[in-house]
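According to our numbering, the residues represented by the sequence shown are 1 to 158, in order.
These are computed hints drawn from the structure, not numbers from a lab. Here a beta-carbon is modelled for each residue, glycine too, at the ideal position from N, C-alpha and C. Watch out, some of these pointers could steer you wrong.
What follows is a list of derived Cβ distance ranges for each label pair [unchecked claim]: (1) ALA58 x PRO7: 21 to 27 angstroms; (2) HIS49 x THR5: 23 to 29 angstroms; (3) LEU152 x THR86: 18 to 24 angstroms; (4) PRO60 x THR9: 33 to 39 angstroms.
EDC-like cross-link-like pairs, simulated, lysine to aspartate or glutamate; straight-line CA separation at most 20 angstroms [unchecked claim]: (5) LYS11 x GLU110; (6) LYS120 x GLU147; (7) LYS11 x GLU23; (8) LYS41 x GLU105.
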Amino acid sequence: MASPTLPETMKAVQVVAYNAPYELTPIPIPSALGPHDILVKVAVASYCHTDSMFHAGAPPLPLPITASHEGAGTVVAVGAAVANFTIGDRVMCGVPLGLCGSCAECTGPERYTHYCTNQKGILGMQVDGCLAEYVRADARTSVRIPECVSLLSAAPLA
1 MASPTLPETM
11 KAVQVVAYNA
21 PYELTPIPIP
31 SALGPHDILV
41 KVAVASYCHT
51 DSMFHAGAPP
61 LPLPITASHE
71 GAGTVVAVGA
81 AVANFTIGDR
91 VMCGVPLGLC
101 GSCAECTGPE
111 RYTHYCTNQK
121 GILGMQVDGC
131 LAEYVRADAR
141 TSVRIPECVS
151 LLSAAPLA
């Protein structure tokens with residue numbers, strides 16, 4: 001389910017070459033949500049020390065890539081299997097996207113889903129991250145933000 005007023009493109013801050021200036025690039029808004037995905041209108045994204053490592057090419061990333069794994073905003077669309085978020089919820093974006101749900105990390109007693117061995121990727125590393133107007137995140141690793149916590153405070157906790 002999606003908000004009917006989404007544009008087709010958005011601005012994103014991307015690494016297009018290692019050790020080169022970031023570029024503000026128009027790219028398509030993620031439109032093909034998986035069953036456990038949420039689409040978040042980003043209000044706040046943080047720049048972390050890992051972003052500087054990725055920007056330097058350690059480890060090498062698929063380029064271009066939208067930076068930042070630290071983001072918070074408002075849910076504007078949800079995948080078919082998402083039961084824990086609705087449109088309008090304030091959210092801190094989960095870092096891994098596309099958990100498999102079947103590896104030992106996903107099914108073990110501790111449920112260390114952040115270490116899923118078959119995930120699609122980490123936001124800002126293997127898949128586009130939060131330094132954009134919108135980001136696709138996994139509802140299973142994202143967290144609803146209570147009204148008493150600002151989006152500004154929540155983003156760097158991701």
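Broken hints, by number: Hint check: 1, 2, 4, 5, 6 and 8 fail, others pass.
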